[in-house]
Amino acid sequence: MRKKFIYPAIIALIAVAAFQACKKSGSSPTNNSTGFDRVGMLKNLSTNIIVPGYITFQASVTTLDSSITAFNTSPDLTKLGNLQAAFKIAYEKWQAVSTFDFGPAANENLRISVNTFPADVTQINANVSSGSYNLASLSALPAEGFPAIDYLLFGTGADNNAILVQYTTDGQAANRKAYLAAVSAIIKTKTTNVLSAWKTTYPATFLAASGTDVGSSVGQLTNELNQDFEVLKNYEIGIPAGTESMGTTFPTKVQAYYSKISLQLALLHLQAIQNIYLGQSAAGNGLGFDDYLVSAKATYNGGSLNDAITNQFAAATAKLQALSDPLANQITTNLTGVTAAYAALQLQTVLLKTDMPSALGILITYGDTDGD
Amino acid sequence: MLNYIREKFSSFTKTDRHIGPLAVLRMAFGSIMLVSVVRFLLKGWVYAFYIKPRFHFTFYGFDWVRPLGATGMYLLFVLLIITSVLVTIGLFYRIAITAFFLCFTYVELIDKTTYLNHYYFISVMAFLMILVPANRYFSVDVLRKPELKITYVPWWAIDIFKLQLFIVYFFAGLSKLNYDWLIAAMPLRIWLPAGSHLPVIGGLLTQLWVAYVFSWFGALFDLSIGFLLINSTTRKFGYFLVVIFHLATAWFFKIGMFPYVMIFVTIVFFSENTHRKIIGYLSRIFSKTNTVTDNTGGYYQISVAKKRIIYILLLLHFSIQLFLPFRYLLYPGKLYWTEEGYRFSWRVMLMEKGGTAFFHVKDPRTGKRTEVINSQYLTDFQECQMSTQPDMILQFAHILAADYQQKGIKNPIVTAESYVTLNGSGSRLYIDTTVNLANIYDGFGHKKWILPFHNNN
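Chains A and B supply the protein sequences, listed in that same order.
Those letters in the first sequence? Residues 657 to 1028, by the working numbering.
Those letters in the second sequence? Residues 181 to 637, by the working numbering.
Treat each hint with caution, since some may be false.
Claimed, not checked - Calculated pairs, DSS-like style, for lysine-lysine (alpha carbon to alpha carbon, straight line, at most 27 Å): (1) B/K587 to A/K909; (2) A/K909 to B/K533; (3) A/K953 to A/K916; (4) B/K514 to A/K909; (5) B/K542 to A/K975; (6) A/K975 to B/K548; (7) A/K699 to B/K434; (8) A/K953 to B/K434; (9) A/K953 to B/K587; (10) B/K514 to A/K953; (11) A/K909 to A/K975.
Since the hints were made in silico from the structure, they are not lab data.
Here the structure is a predicted model, which is why all the values come from computation and not from measurement.
Using the sequences and the accompanying hints, generate a full structural model.
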């Protein structure tokens, strides 16, 4: 009896599968009415966002490095101004690629090398005065990258005249210039390595890992998008605003404390993450996670999950825009506004970290799952 | 049907059975365990799961279980490898399988983060294998001491494994008979499209009807496979289904060794003759003697007292097996949401559940509060599992309370702001954010601080 039922069912299933398989082999998966073109999304993200992002960032880092060389050769106020401007541009461009800390960037430990903040001023000064240091060690992370340059170029004196003295007549001027150059060289080398991987072999690897498990490109992107969002939420806003220290605020712990562009950078960072989500670039609005969620018909609280995430990006942006630089001052004078921005980012964390991967079946942790 | 079972049962119990299936099961189980344990080591999971974490989520009543430290944990896994080999070849069998059971179960008890039905199943199988003389035929023990050799064992020595496997499949099937699985095709309608990159079948996996076919077929398979394997006329077909089904799940989902474990151990359902053929085949590979002769072996003899103890243990074991999957009925609310009575019930692949949990610690003296960075206490894997399981959320709250107490805050108030999404429901608040979890103690009672699940989609 049972057998009579199951045999035909199995045969039917296999036949249908075979038929579908044959039918599919001729056409490309993009023509699938219900399936989402994950490779298309990866292609859009890599071609239009990741690679151009790294090209721009690498160019800005190269300019920064040559500005440092020019300044170090004959330091004056004009060159200091140029250098400071080049630094701000490079730090801004960094925000657009901070998310992609997998593959080539992970090999270089790019994110923590370039942007571990707050800067450890004591360590930086000790390194400068001793003239001997190992910037490759883990403990040196807070003494290098953009936060170190931020301090060296904006925090070593009350104004540019005082700062210039540190590079001219100060007893440690030579050491300081050498340190500045050393820190910049690391950023430049690492960035150049990452860019060259993305320009040559890595895109093929990236597109080939088109699954949804931990090692897949979608899995890594989702994971790093969330890690990076935590950097924004916790390190750029939360920790300085005292959310993790019983209300004791730490205004000096903001990103770019000395150059006072913290809020501007945070906004650029949020914008960059939103662009990745939307697949939005100079080339237009291509396939992104938004399209993926729409195709999966993901819901949230009676509406669409994509709407919820898009709205929350807007809400968080508005809360950040209501603040002004320097962010460190806002933490002292307008803590309510800062914590409101933090709360808006917090809600988005839930949507990006829980709802999005869960609706798409993306695995973000290793280990086996329960099977049948 | 009932008569059929009764008839079968009395014919079962009357006759002794050839020991062949037991010897093959011993080798199958031992060898697949060897592969599993080595794989676990090679993946670096001993470090990631048992050495790296600062804290562990023990099971209720087992909070005295602690990991051994790096050297100890690795030695334990070496012991698991050695005992797997000993079980496979049947050398010092009883000691080996007992040690394997104890070590394996101990490892599983350290942290419920890694809880899987597969691991529970392995503990259960190892426990049952302690009770049977699986080394008395085609084993090194018999080579060592030929007088150990027996040819016949009592019916229960083999049939307890069939019963156990039947229970596993059948309860897995029963747990699928619900709205989410059958009517909403959840979570397969989320999981299958995630495999759309797979060759040949990828495009098919994105089709909604395929999720329905897989859901219904999966439920039907689980419910009926035990019957198909027991019945000699459908057995071959049943086993064919077992192989196809498990290989398919191994291909689609990240479920590790489990499919292979099941493909190996369900061989036990085959007849004596099949097992004799398997042993004959193996002996031609490994041994100079061409065949295993049965004429020297006798019947399995044990004292009445021992037999009685084994019967009582088995009765107890299978009573628990039959009760545990139904204990969820004692709790109110949606089982998948509260997970009260969820574990140890062969509920597999039923939920796509994700969560994010923010913990706040408040100093009652100053009224100031702080958000906890979970990653300072937990690994990613622990945090991920914790955020969707209430008992783990409570345990973490107690870890935090103890830590802040040590930092000098008297009676810290610990609350959880946790958002969970279940089978595509979209995230919503999971835990009552006003409840001070530091003052709540775990138990078998209903956790009233879990907010009820309302599906508003």
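(request) State the violated hints by number, sorted upward, taking the hints as numbered earlier in the document. (result) 2, 3, 4 and 9
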